[in-house]
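One letter stands for each residue in the lines below.
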Amino acid sequence: MTITRRDVLLGATATALVPMAARAETADVAIGVVYPFSGANAQQGVDAQKAYETALDVINKDYDFDLPLAKGEGLPGLGGAKVRLVFADHQSDPQKGRAEAERLITQEKVSAVIGTYQSAVAVTVSQICERYQTPFVSADNSSPSLHRRGLKFYFRPAPHDEMYSTAMFDFLDAMKEKGSKIETLSLFHEDTIFGTDSGNAQAKLAGERGYKIAADIKYRANSPSLSAEVQQLKAANADVLMPSSYTTDGILLVKTMAELGYRPNAILAQDAGFSEKALYDAVGDKLEGLISRGTFSLDLAQKRPMVGKINAMFKERSGKDLNDLTSRQFIGLIILADAINRAKSTDGDKIREAMAATDISGEQTIMPWRRVKFDESGQNNNADPVLLQYVGGKFVTVYPPQAAVAEAIWPMK
Amino acid sequence: MTAETIIQSLASGLLMGLLYGLIAAGLALIFGLMDVVNFAHGEFLMIAMYATFFLFAFFALDPLLAAPLVAASLFVLGAMVYLLVVRFAMRAKANAGMVQIFSTFGLAIVMRGLAQYFFTPDYRSVTHSWLGGKTVSVAGVFLPEPQLVGALVSIAAFAALYFFIHRTDFGRALEATREDAGAVALVGIDKNRVFALGWGLGAALVGLAGAIMATFFYIYPDVGASFALIAYVTVALGGFGSVFGAFAGGIIVGLVEAATALALPPSLKSIGIYAVYLLVVFIRPRGLFGSI
Amino acid sequence: MDKAFAARRRRDLMVAAGLVIIAALLPLFVRNVYIQNIMVLTLMYTALSQSWNILSGYCGQISLGHSLYFGLGAYTTALLFTKLGVLPWFGMLGGGIVSALIAMALGYPCFRLRGHYFVIATIVIAETTLLLFQNWEFAGAALGIDIPIRRDSWLTFQFARSKLPYFYFALALAAVAWFVTWWLEDSRWGYWWRAVKDNPDAAESLGVVVFNSKMGAAAVSAFLVAVGGSFYAQFVSYIDPDSVMGFQFSLLMALPAVLGGIGTLWGPMLGAVILIPLTELTRSYVGGSGRGVDLIVYGTLIVLISLVRPQGLVGLFAPRRKVAAP
Numbered sequence: 000m001t002i003t004r005r006d007v008l009l010g011a012t013a014t015a016l017v018p019m020a021a022r023a024e025t026a027d028v029a030i031g032v033v034y035p036f037s038g039a040n041a042q043q044g045v046d047a048q049k050a051y052e053t054a055l056d057v058i059n060k061d062y063d064f065d066l067p068l069a070k071g072e073g074l075p076g077l078g079g080a081k082v083r084l085v086f087a088d089h090q091s092d093p094q095k096g097r098a099e100a101e102r103l104i105t106q107e108k109v110s111a112v113i114g115t116y117q118s119a120v121a122v123t124v125s126q127i128c129e130r131y132q133t134p135f136v137s138a139d140n141s142s143p144s145l146h147r148r149g150l151k152f153y154f155r156p157a158p159h160d161e162m163y164s165t166a167m168f169d170f171l172d173a174m175k176e177k178g179s180k181i182e183t184l185s186l187f188h189e190d191t192i193f194g195t196d197s198g199n200a201q202a203k204l205a206g207e208r209g210y211k212i213a214a215d216i217k218y219r220a221n222s223p224s225l226s227a228e229v230q231q232l233k234a235a236n237a238d239v240l241m242p243s244s245y246t247t248d249g250i251l252l253v254k255t256m257a258e259l260g261y262r263p264n265a266i267l268a269q270d271a272g273f274s275e276k277a278l279y280d281a282v283g284d285k286l287e288g289l290i291s292r293g294t295f296s297l298d299l300a301q302k303r304p305m306v307g308k309i310n311a312m313f314k315e316r317s318g319k320d321l322n323d324l325t326s327r328q329f330i331g332l333i334i335l336a337d338a339i340n341r342a343k344s345t346d347g348d349k350i351r352e353a354m355a356a357t358d359i360s361g362e363q364t365i366m367p368w369r370r371v372k373f374d375e376s377g378q379n380n381n382a383d384p385v386l387l388q389y390v391g392g393k394f395v396t397v398y399p400p401q402a403a404v405a406e407a408i409w410p411m412k
Numbered sequence: 000m001t002a003e004t005i006i007q008s009l010a011s012g013l014l015m016g017l018l019y020g021l022i023a024a025g026l027a028l029i030f031g032l033m034d035v036v037n038f039a040h041g042e043f044l045m046i047a048m049y050a051t052f053f054l055f056a057f058f059a060l061d062p063l064l065a066a067p068l069v070a071a072s073l074f075v076l077g078a079m080v081y082l083l084v085v086r087f088a089m090r091a092k093a094n095a096g097m098v099q100i101f102s103t104f105g106l107a108i109v110m111r112g113l114a115q116y117f118f119t120p121d122y123r124s125v126t127h128s129w130l131g132g133k134t135v136s137v138a139g140v141f142l143p144e145p146q147l148v149g150a151l152v153s154i155a156a157f158a159a160l161y162f163f164i165h166r167t168d169f170g171r172a173l174e175a176t177r178e179d180a181g182a183v184a185l186v187g188i189d190k191n192r193v194f195a196l197g198w199g200l201g202a203a204l205v206g207l208a209g210a211i212m213a214t215f216f217y218i219y220p221d222v223g224a225s226f227a228l229i230a231y232v233t234v235a236l237g238g239f240g241s242v243f244g245a246f247a248g249g250i251i252v253g254l255v256e257a258a259t260a261l262a263l264p265p266s267l268k269s270i271g272i273y274a275v276y277l278l279v280v281f282i283r284p285r286g287l288f289g290s291i
Numbered sequence: 000m001d002k003a004f005a006a007r008r009r010r011d012l013m014v015a016a017g018l019v020i021i022a023a024l025l026p027l028f029v030r031n032v033y034i035q036n037i038m039v040l041t042l043m044y045t046a047l048s049q050s051w052n053i054l055s056g057y058c059g060q061i062s063l064g065h066s067l068y069f070g071l072g073a074y075t076t077a078l079l080f081t082k083l084g085v086l087p088w089f090g091m092l093g094g095g096i097v098s099a100l101i102a103m104a105l106g107y108p109c110f111r112l113r114g115h116y117f118v119i120a121t122i123v124i125a126e127t128t129l130l131l132f133q134n135w136e137f138a139g140a141a142l143g144i145d146i147p148i149r150r151d152s153w154l155t156f157q158f159a160r161s162k163l164p165y166f167y168f169a170l171a172l173a174a175v176a177w178f179v180t181w182w183l184e185d186s187r188w189g190y191w192w193r194a195v196k197d198n199p200d201a202a203e204s205l206g207v208v209v210f211n212s213k214m215g216a217a218a219v220s221a222f223l224v225a226v227g228g229s230f231y232a233q234f235v236s237y238i239d240p241d242s243v244m245g246f247q248f249s250l251l252m253a254l255p256a257v258l259g260g261i262g263t264l265w266g267p268m269l270g271a272v273i274l275i276p277l278t279e280l281t282r283s284y285v286g287g288s289g290r291g292v293d294l295i296v297y298g299t300l301i302v303l304i305s306l307v308r309p310q311g312l313v314g315l316f317a318p319r320r321k322v323a324a325p
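Residue numbers (numbering that gives the first Met the number 0), protein chains in the order written: chain Z, 0 to 412; chain S, 0 to 291; chain B, 0 to 325.
It is possible that part of the hints are untrue.
Said to hold, decoys possible - Pairwise CB distance ranges (calculated):
{"hint": "1", "chain 1": "Z", "residue 1": "132", "chain 2": "B", "residue 2": "175", "range": "52 to 60 Å"}
{"hint": "2", "chain 1": "Z", "residue 1": "314", "chain 2": "B", "residue 2": "167", "range": "46 to 54 Å"}
{"hint": "3", "chain 1": "Z", "residue 1": "56", "chain 2": "B", "residue 2": "96", "range": "55 to 63 Å"}
Note that these hints are calculated values from the structure, not bench results.
In this text the structure is predicted, and so the values were computed from the model without any measurement.
Heads up, the beta-carbon is just placed ideally off N, CA and C, and yes, glycines get one too.
For reference, chain Z alone in the conformation it holds in the complex (with noise of 0.2 Å):
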């Protein structure tokens, strides 16, 4: 990094506080990596900073793992430079995201930004990269617009929410078949976008699949209290209850459904909330059955034994099991350096280049993917979601049959 003198003077005061990644020896490769890391969603930004040094040591150090990178050290297309992070902190804010991403990319010369939990900052930071022709990997929003806005940067290796709530209809028609009672349905979901996106595409998917929408309830993320919305799904009384929340909604919900002796018969959850472990940890008990969709799923490990190695690494980390978010974030960066590495340049165009050009076989992801290959807006449609059930205290793939190893559980209990 070269500091001009103007530099000096106008950022002394920037300098001079603690820098936030080590400073440059002069082969490594810079990936920015933008996240809330203070306000109300910092927890899900401590998180995606385990995983992404998780990834992080599984690039640079020599791991016998099947995935791109792991063996050997660093990017040998870059004559073994090593990748380095630097974070950022957007406090969710799309405007301090775009600023964030603008430092990366102007300032501590990052050759590509990945990131950032919220769709609202996705957009801004995906429309700065692609102003420096910078790609970016969107590697854990889910808000189906993103890809749709024609970026040449932008990409999204996972699946977004559109394909997720089909993957819960295809689950709910293949239910029905086997003869399970589905008719009606319960969406409950939060007013930010990611409520508002699963909201809106499982409304469509209901009616054109055929299934009666006996509630369709929206609600202030973070309210005080949920009871009004809790007794008006509790009289609808559908054959299935649809939630779409964070962490701390989710929590509320499933306090104030137990309160109110609402007891649905089967819980799909739109993931969020239901893959973390603090909700989990508050409520679990009363989740027995519950099912949520997901990307990933730690029975991989069965199949793949470096998924479990990998999130061995990752527990040490973070003290939890990698989840849909974390495990995102992970193949993210991976698919990222990969690229990088292909490319042999840091170069955005020729980045970008090896980006579109990327095809790896699912088997080498720790995701329960086909494989890694982006269409011409930058979507991964091989990315397919599986369903998780909540059983005993751990989740297990009841869903694509492909990944499934076991049957479903329905009603839930």
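Assemble the complex: chain Z is given as a structure, and chains S and B must be docked to it using the hints.
Okay, now just chains S and B, sitting in the frame of chain Z:
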């Protein structure tokens, strides 16, 4: 919509409203005493919930047993905040109102930062307690025990507060200090001591609320934000300077919130509270029972 | 008019002109886009805080709901552009006018409220509007509005990489907001407001005219803040309800004025020049730790300044400041 849904929603709203009242009681007391709005009130609640959680996690103390301890620690916190911050904010000669708002607001940010630093931003819950998850069912209406006990504590706290302000020497000293701080100095009452005790008491009330909230609510550094605005509106609706007003305000807020969630999409339920507040103050500019 | 007062006003105007010229030359020396970005935000918050100060500082009507006007400005511009293809310059004007009208409509019932009743009313009105936008499908609801990127052009006020057009617009807006404040200080409205502040009884005798002047102040303040919101929509090219109408904006607009000196001509600028770079730098350089250190630094600073210099930092720079009686 059935009658059962309506009755259940209103019953839940009433219980929640009493709890809002309890959360707001401390704010009302502090305001009534010295015209200061504590913008860190939500963070006091957050600290109380964390205190309850840690007493549970490390000493397996049930939140009900922890409540007096939490209230006592919050008393100390409240008194310290007065002595270390608010006392100086009140000296401001120019735009005292803004100085108080922003010094307590800055304090709120610091408290959130400290909570994140020491407790991590992870979501915590008191997983089992005597009250948690239990419900009393009366004629088909479910009354969750945490909220039920919260409502009873709220009623008891307001009764005690009423008695305290109107029937004890200290309460009269509070009142007198509020009305004329200069005059009480002449009769030998130390204004700062009275105010510090007032802040301690206000914070202790939030401590009680936090201990009960911890039995059914999640805990994380930003949790106070969900309740802060409701607490301000509750106090203002009841009328600043009236502790009884906060009690009534809480009940109204709880009921209106529940009713709005039935009539409108639940994501808009706060609008009902805000509309009622505006309606009330446009008609009665000092809230329902306010004196200031 | 008092001679000293007139001289001071001339001096203020000259200092301001000098500062604008110096600021206009800054980008010649600062090429670093990250720092340029901070400069744009600093100027934007100077303008917003200056506008807020007209109503809340000079008139004494403390509003913590100005995010409403910021959001209305941003949404009007973005909606007109994405739905009807109306250029943002007209959207800016439209957003300003809409906001000014709404400010007057709200001012009518709200100015009867005092103290904290007024403050809370402003907060809940802004929150209500936020919730309505969050649920308004036509305006994108929670998804917000993504302003499509086109070629760099002054017509659509879009520039992919260059910060300079935004910088000069924000500078102009800040200068206009300052000038309006300067002009109001010496207007009839300015005299009435000071009279009312110094002597509440005067409010009685001036009753109606003061009420009308407050309505005027609300309209001017809302108009300028809405233009700031339009600017923000263009600058970030994406808006959603929480990021343009959230309560945090109301606080961020008030903070510079409070720290610099509320109800003073120079306070908002001084506050913004200190506060905004500090916020940005703490987030960028200590915020990545995930441990909330940036919040601790930021909050402590606010507490300290409000306690140590309750009259604002502006007094440190201009000890002579004494408002002459009319």
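Starting from the hint list further up, note which numbers the structure goes against and sort them upward.
1
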